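Novice: Sequence:
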Amino acid sequence: MSALSLSICIVNYQARKYLRNCLRSILANPPQGEFEIIVVDNHSRDGSVEMLQQEFPQVMAIENPCNLGFTVPMNQALRRARGEYLLLLNPDTIVHPHALDRLIEFMQSHPEVGICGPKVLNTDGSLQAPCRRGESRPWAVITYFLGLHRLFPKSRLFGQYLMSYMDEDETHEVGGVAGSCMLIRRQVVEQIGYLDERFFAYQEDADYCFQTRQAGWKVYYVPVAQITHFGGKGGSQVEPYRSIFEWHRSYWLYYRKNLAGDYFFLLNWFYYLLMLLKLSVSLLINLFRKEKRAGRQRPR
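Everything in the sequence shown is counted per the working numbering, starting at 1 for the first residue and increasing by one.
Keep in mind that the hints are not guaranteed to be accurate.
[Unchecked claim] Computed cross-link-like contacts, DSS-like style, restricted to lysine-lysine with a CA-CA straight-line distance of at most 25 Å:
| no. | residue 1 | residue 2 |
| --- | --- | --- |
| 1 | Lys278 | Lys257 |
| 2 | Lys17 | Lys233 |
| 3 | Lys278 | Lys218 |
| 4 | Lys257 | Lys154 |
Derived by calculation from the structure, the hints in this document are not laboratory data.
In this text, all values refer to a predicted model and were calculated from it rather than measured experimentally.
Sequences and hints are given; from them, build the entire structure.
Specialist: Here is the structure:
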(Lines of atoms letter the chains of each structure in order from A and count residues from 1; the text may use other names and numbers.)
(Lines give C-alpha, C1' and ligand atoms only; values in the text may rest on other atoms or scores of the structure.)
Protein backbone atom coordinates (compact mmCIF):
# COMPACT_ATOMS: atom_id res chain seq x y z
CA MET A 1 0.00 0.00 0.00
CA SER A 2 1.22 3.50 -0.84
CA ALA A 3 2.49 5.67 2.02
CA LEU A 4 0.37 8.48 0.61
CA SER A 5 -3.32 8.42 1.38
CA LEU A 6 -4.44 10.78 -1.39
CA SER A 7 -3.23 12.21 -4.69
CA ILE A 8 -5.16 15.28 -5.86
CA CYS A 9 -4.90 15.67 -9.64
CA ILE A 10 -5.84 18.96 -11.32
CA VAL A 11 -5.75 20.06 -14.97
CA ASN A 12 -5.47 23.82 -15.44
CA TYR A 13 -5.76 26.21 -18.36
CA GLN A 14 -5.97 29.97 -17.99
CA ALA A 15 -7.59 29.70 -14.55
CA ARG A 16 -4.99 31.24 -12.24
CA LYS A 17 -7.46 33.00 -9.93
CA TYR A 18 -9.67 29.92 -9.57
CA LEU A 19 -6.72 27.56 -9.21
CA ARG A 20 -5.25 29.70 -6.42
CA ASN A 21 -8.54 29.62 -4.50
CA CYS A 22 -8.93 25.90 -5.12
CA LEU A 23 -5.47 25.14 -3.73
CA ARG A 24 -6.06 27.41 -0.76
CA SER A 25 -9.29 25.55 0.02
CA ILE A 26 -7.47 22.21 -0.11
CA LEU A 27 -4.71 23.39 2.20
CA ALA A 28 -7.27 24.94 4.56
CA ASN A 29 -9.25 21.68 4.64
CA PRO A 30 -6.66 18.93 4.12
CA PRO A 31 -7.29 15.21 4.59
CA GLN A 32 -5.93 13.59 7.73
CA GLY A 33 -3.36 11.40 5.96
CA GLU A 34 -0.37 12.30 3.82
CA PHE A 35 -1.34 13.71 0.44
CA GLU A 36 0.11 15.27 -2.68
CA ILE A 37 -1.21 17.76 -5.23
CA ILE A 38 -0.34 17.44 -8.92
CA VAL A 39 -1.28 20.24 -11.33
CA VAL A 40 -0.91 19.76 -15.08
CA ASP A 41 -0.98 23.09 -16.90
CA ASN A 42 -2.14 23.25 -20.52
CA HIS A 43 0.23 26.05 -21.60
CA SER A 44 -1.57 28.84 -19.72
CA ARG A 45 -0.52 32.39 -20.55
CA ASP A 46 -2.04 33.99 -17.45
CA GLY A 47 0.82 33.33 -15.05
CA SER A 48 -0.64 30.12 -13.59
CA VAL A 49 2.69 28.26 -13.55
CA GLU A 50 4.54 31.21 -12.05
CA MET A 51 1.85 31.49 -9.38
CA LEU A 52 2.30 27.80 -8.52
CA GLN A 53 6.06 28.18 -8.24
CA GLN A 54 5.86 31.28 -6.06
CA GLU A 55 2.87 30.54 -3.84
CA PHE A 56 2.58 26.74 -3.78
CA PRO A 57 6.07 25.23 -4.04
CA GLN A 58 4.79 22.00 -2.48
CA VAL A 59 2.60 21.36 -5.54
CA MET A 60 4.01 19.20 -8.33
CA ALA A 61 3.55 21.19 -11.55
CA ILE A 62 3.68 19.64 -15.02
CA GLU A 63 3.77 22.02 -18.00
CA ASN A 64 2.36 21.06 -21.41
CA PRO A 65 3.39 22.82 -24.66
CA CYS A 66 -0.23 23.35 -25.75
CA ASN A 67 -3.84 22.84 -24.66
CA LEU A 68 -4.31 19.07 -24.69
CA GLY A 69 -7.86 19.13 -23.36
CA PHE A 70 -8.71 17.30 -20.14
CA THR A 71 -8.21 13.57 -20.53
CA VAL A 72 -4.61 13.44 -21.77
CA PRO A 73 -3.22 15.78 -19.08
CA MET A 74 -5.29 14.12 -16.37
CA ASN A 75 -3.69 10.82 -17.33
CA GLN A 76 -0.30 12.53 -17.05
CA ALA A 77 -1.15 13.37 -13.45
CA LEU A 78 -2.57 9.94 -12.69
CA ARG A 79 0.61 8.26 -13.93
CA ARG A 80 2.64 10.38 -11.51
CA ALA A 81 0.22 9.92 -8.60
CA ARG A 82 1.32 7.76 -5.67
CA GLY A 83 -1.75 7.87 -3.43
CA GLU A 84 -3.98 5.02 -2.33
CA TYR A 85 -6.89 7.17 -3.52
CA LEU A 86 -6.83 9.41 -6.58
CA LEU A 87 -8.95 12.56 -6.73
CA LEU A 88 -9.82 14.16 -10.05
CA LEU A 89 -10.54 17.80 -9.24
CA ASN A 90 -11.28 20.83 -11.41
CA PRO A 91 -9.34 24.03 -10.72
CA ASP A 92 -12.55 26.08 -10.52
CA THR A 93 -13.72 24.33 -7.36
CA ILE A 94 -13.71 25.12 -3.66
CA VAL A 95 -13.29 22.19 -1.29
CA HIS A 96 -15.55 22.47 1.76
CA PRO A 97 -14.44 21.50 5.29
CA HIS A 98 -14.11 17.73 5.87
CA ALA A 99 -15.05 16.93 2.24
CA LEU A 100 -11.86 15.02 1.44
CA ASP A 101 -11.90 13.03 4.68
CA ARG A 102 -15.56 12.11 4.23
CA LEU A 103 -14.97 10.79 0.73
CA ILE A 104 -11.97 8.74 1.86
CA GLU A 105 -13.79 7.44 4.94
CA PHE A 106 -16.70 6.34 2.76
CA MET A 107 -14.36 4.38 0.49
CA GLN A 108 -12.58 2.82 3.46
CA SER A 109 -15.86 1.61 4.96
CA HIS A 110 -17.25 0.40 1.61
CA PRO A 111 -14.59 -1.79 -0.05
CA GLU A 112 -16.96 -2.67 -2.89
CA VAL A 113 -17.03 0.95 -4.07
CA GLY A 114 -14.50 1.89 -6.74
CA ILE A 115 -15.52 5.51 -7.32
CA CYS A 116 -17.42 8.08 -5.31
CA GLY A 117 -18.24 11.74 -5.75
CA PRO A 118 -19.46 14.54 -3.48
CA LYS A 119 -22.46 16.80 -3.63
CA VAL A 120 -21.40 19.53 -6.06
CA LEU A 121 -22.90 22.96 -5.48
CA ASN A 122 -23.33 25.98 -7.71
CA THR A 123 -22.11 29.32 -6.37
CA ASP A 124 -25.64 30.08 -5.11
CA GLY A 125 -25.64 26.90 -3.03
CA SER A 126 -28.00 24.94 -5.27
CA LEU A 127 -27.23 21.42 -6.47
CA GLN A 128 -25.18 21.13 -9.65
CA ALA A 129 -27.38 18.37 -11.03
CA PRO A 130 -24.84 16.49 -13.22
CA CYS A 131 -22.81 15.50 -10.14
CA ARG A 132 -24.88 12.28 -10.04
CA ARG A 133 -26.10 10.52 -13.14
CA GLY A 134 -27.69 7.39 -14.43
CA GLU A 135 -26.40 5.58 -17.50
CA SER A 136 -26.35 7.57 -20.75
CA ARG A 137 -28.81 5.23 -22.45
CA PRO A 138 -30.93 6.54 -25.37
CA TRP A 139 -34.13 7.25 -23.45
CA ALA A 140 -32.31 8.92 -20.57
CA VAL A 141 -30.24 11.12 -22.89
CA ILE A 142 -33.13 12.03 -25.21
CA THR A 143 -35.40 13.07 -22.34
CA TYR A 144 -32.49 15.08 -20.92
CA PHE A 145 -31.84 16.85 -24.24
CA LEU A 146 -35.56 17.62 -24.59
CA GLY A 147 -35.66 19.10 -21.10
CA LEU A 148 -38.36 16.71 -19.87
CA HIS A 149 -36.45 16.26 -16.62
CA ARG A 150 -37.16 19.93 -15.87
CA LEU A 151 -40.88 19.51 -16.48
CA PHE A 152 -41.08 16.29 -14.46
CA PRO A 153 -38.10 16.36 -12.06
CA LYS A 154 -39.55 13.72 -9.71
CA SER A 155 -40.45 11.31 -12.50
CA ARG A 156 -38.42 8.10 -12.75
CA LEU A 157 -39.42 7.98 -16.42
CA PHE A 158 -38.09 11.41 -17.38
CA GLY A 159 -35.47 12.02 -14.69
CA GLN A 160 -33.23 9.02 -15.35
CA TYR A 161 -30.17 10.87 -16.64
CA LEU A 162 -29.73 13.28 -13.72
CA MET A 163 -31.53 11.03 -11.22
CA SER A 164 -33.56 14.08 -10.21
CA TYR A 165 -36.20 11.89 -8.58
CA MET A 166 -33.76 10.93 -5.79
CA ASP A 167 -33.14 12.94 -2.62
CA GLU A 168 -30.03 15.08 -3.16
CA ASP A 169 -29.06 14.70 0.50
CA GLU A 170 -29.13 10.88 0.56
CA THR A 171 -26.20 8.63 -0.24
CA HIS A 172 -27.00 6.28 -3.11
CA GLU A 173 -25.49 4.16 -5.84
CA VAL A 174 -25.40 5.91 -9.21
CA GLY A 175 -24.38 5.31 -12.79
CA GLY A 176 -21.72 7.99 -12.64
CA VAL A 177 -20.40 11.05 -10.84
CA ALA A 178 -18.89 14.24 -12.24
CA GLY A 179 -15.24 14.49 -13.15
CA SER A 180 -15.14 17.92 -11.49
CA CYS A 181 -14.57 15.96 -8.27
CA MET A 182 -14.27 12.19 -8.50
CA LEU A 183 -12.42 9.94 -6.04
CA ILE A 184 -11.03 6.71 -7.50
CA ARG A 185 -9.62 3.74 -5.64
CA ARG A 186 -6.12 2.88 -6.86
CA GLN A 187 -7.08 -0.76 -7.41
CA VAL A 188 -9.58 0.42 -10.03
CA VAL A 189 -6.87 2.14 -12.06
CA GLU A 190 -4.64 -0.90 -11.72
CA GLN A 191 -7.48 -3.10 -12.98
CA ILE A 192 -8.99 -1.09 -15.86
CA GLY A 193 -6.28 1.44 -16.71
CA TYR A 194 -6.44 5.19 -17.22
CA LEU A 195 -9.02 7.48 -18.81
CA ASP A 196 -9.83 6.84 -22.47
CA GLU A 197 -7.93 9.55 -24.34
CA ARG A 198 -10.33 9.46 -27.28
CA PHE A 199 -12.53 11.68 -25.11
CA PHE A 200 -11.11 15.20 -25.39
CA ALA A 201 -12.86 16.83 -22.46
CA TYR A 202 -16.41 15.50 -22.03
CA GLN A 203 -18.00 12.18 -20.99
CA GLU A 204 -14.63 10.75 -20.00
CA ASP A 205 -15.97 10.67 -16.44
CA ALA A 206 -19.15 8.85 -17.50
CA ASP A 207 -17.09 6.37 -19.51
CA TYR A 208 -14.71 5.69 -16.64
CA CYS A 209 -17.59 5.15 -14.23
CA PHE A 210 -19.16 2.75 -16.75
CA GLN A 211 -15.91 0.79 -17.12
CA THR A 212 -15.56 0.68 -13.34
CA ARG A 213 -19.03 -0.79 -12.91
CA GLN A 214 -18.39 -3.27 -15.72
CA ALA A 215 -15.34 -4.44 -13.79
CA GLY A 216 -17.53 -5.27 -10.79
CA TRP A 217 -17.11 -2.14 -8.68
CA LYS A 218 -19.85 0.23 -7.50
CA VAL A 219 -20.11 4.00 -7.96
CA TYR A 220 -21.64 6.15 -5.21
CA TYR A 221 -22.85 9.70 -4.65
CA VAL A 222 -21.82 10.88 -1.16
CA PRO A 223 -23.56 14.18 -0.26
CA VAL A 224 -22.03 14.55 3.21
CA ALA A 225 -18.94 15.65 1.28
CA GLN A 226 -19.44 18.91 -0.60
CA ILE A 227 -17.59 21.20 -2.98
CA THR A 228 -18.52 24.34 -4.90
CA HIS A 229 -17.93 24.31 -8.67
CA PHE A 230 -17.90 27.54 -10.68
CA GLY A 231 -18.08 25.68 -13.99
CA GLY A 232 -16.49 26.47 -17.34
CA LYS A 233 -13.36 28.03 -15.81
CA GLY A 234 -11.20 24.96 -15.71
CA GLY A 235 -8.56 23.00 -17.54
CA SER A 236 -9.93 22.41 -21.04
CA GLN A 237 -11.39 25.68 -22.30
CA VAL A 238 -11.47 25.82 -26.11
CA GLU A 239 -13.18 27.85 -28.82
CA PRO A 240 -17.01 27.60 -28.76
CA TYR A 241 -17.23 25.64 -32.02
CA ARG A 242 -14.63 23.14 -30.84
CA SER A 243 -16.37 22.82 -27.50
CA ILE A 244 -19.76 22.17 -29.11
CA PHE A 245 -18.30 19.62 -31.50
CA GLU A 246 -16.33 17.77 -28.82
CA TRP A 247 -19.32 17.71 -26.48
CA HIS A 248 -21.52 16.00 -29.06
CA ARG A 249 -18.72 13.75 -30.29
CA SER A 250 -18.15 12.53 -26.75
CA TYR A 251 -21.78 11.45 -26.39
CA TRP A 252 -21.55 9.63 -29.72
CA LEU A 253 -18.29 7.96 -28.70
CA TYR A 254 -19.62 6.94 -25.29
CA TYR A 255 -22.71 5.38 -26.84
CA ARG A 256 -20.84 3.60 -29.63
CA LYS A 257 -18.20 2.25 -27.25
CA ASN A 258 -20.41 1.14 -24.38
CA LEU A 259 -24.05 0.78 -25.40
CA ALA A 260 -24.52 0.30 -29.15
CA GLY A 261 -24.12 -3.46 -28.85
CA ASP A 262 -27.20 -3.63 -26.62
CA TYR A 263 -29.57 -2.26 -29.28
CA PHE A 264 -30.83 -3.02 -32.78
CA PHE A 265 -28.83 -1.18 -35.45
CA LEU A 266 -31.84 0.89 -36.57
CA LEU A 267 -32.19 2.35 -33.08
CA ASN A 268 -28.48 3.08 -33.05
CA TRP A 269 -28.67 4.99 -36.33
CA PHE A 270 -31.74 6.85 -35.12
CA TYR A 271 -29.77 7.91 -32.05
CA TYR A 272 -26.78 8.98 -34.16
CA LEU A 273 -29.05 11.04 -36.43
CA LEU A 274 -30.58 12.77 -33.41
CA MET A 275 -27.10 13.61 -32.14
CA LEU A 276 -26.15 14.98 -35.57
CA LEU A 277 -29.32 17.06 -35.64
CA LYS A 278 -28.63 18.43 -32.18
CA LEU A 279 -25.04 19.23 -33.15
CA SER A 280 -26.24 21.13 -36.23
CA VAL A 281 -28.79 23.12 -34.22
CA SER A 282 -26.22 23.94 -31.53
CA LEU A 283 -23.71 25.17 -34.12
CA LEU A 284 -26.36 27.33 -35.81
CA ILE A 285 -27.42 28.84 -32.49
CA ASN A 286 -23.80 29.62 -31.68
CA LEU A 287 -23.34 31.24 -35.11
CA PHE A 288 -26.49 33.33 -34.62
CA ARG A 289 -25.31 34.52 -31.22
CA LYS A 290 -21.88 35.37 -32.61
CA GLU A 291 -23.40 37.39 -35.45
CA LYS A 292 -25.73 39.15 -33.02
CA ARG A 293 -22.82 40.13 -30.78
CA ALA A 294 -20.83 41.31 -33.79
CA GLY A 295 -23.80 43.42 -34.95
CA ARG A 296 -23.95 45.18 -31.61
CA GLN A 297 -20.26 46.04 -31.81
CA ARG A 298 -20.36 47.52 -35.35
CA PRO A 299 -20.21 51.34 -35.46
CA ARG A 300 -23.40 53.05 -36.55
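Novice: For each hint, tell me whether it holds in the structure or not.
Specialist: Hint check results:
1. Lys278 with Lys257: 20 Å, holds
2. Lys17 with Lys233: Satisfied, since the Cα-Cα distance of roughly 10 Å is no more than 25 Å.
3. Lys278 with Lys218: Measuring from Cα to Cα gives roughly 32 Å; hence the hint is violated.
4. Lys257 with Lys154: 30 Å, violated
Of the numbered hints listed earlier, those contradicted by the structure are 3 and 4.
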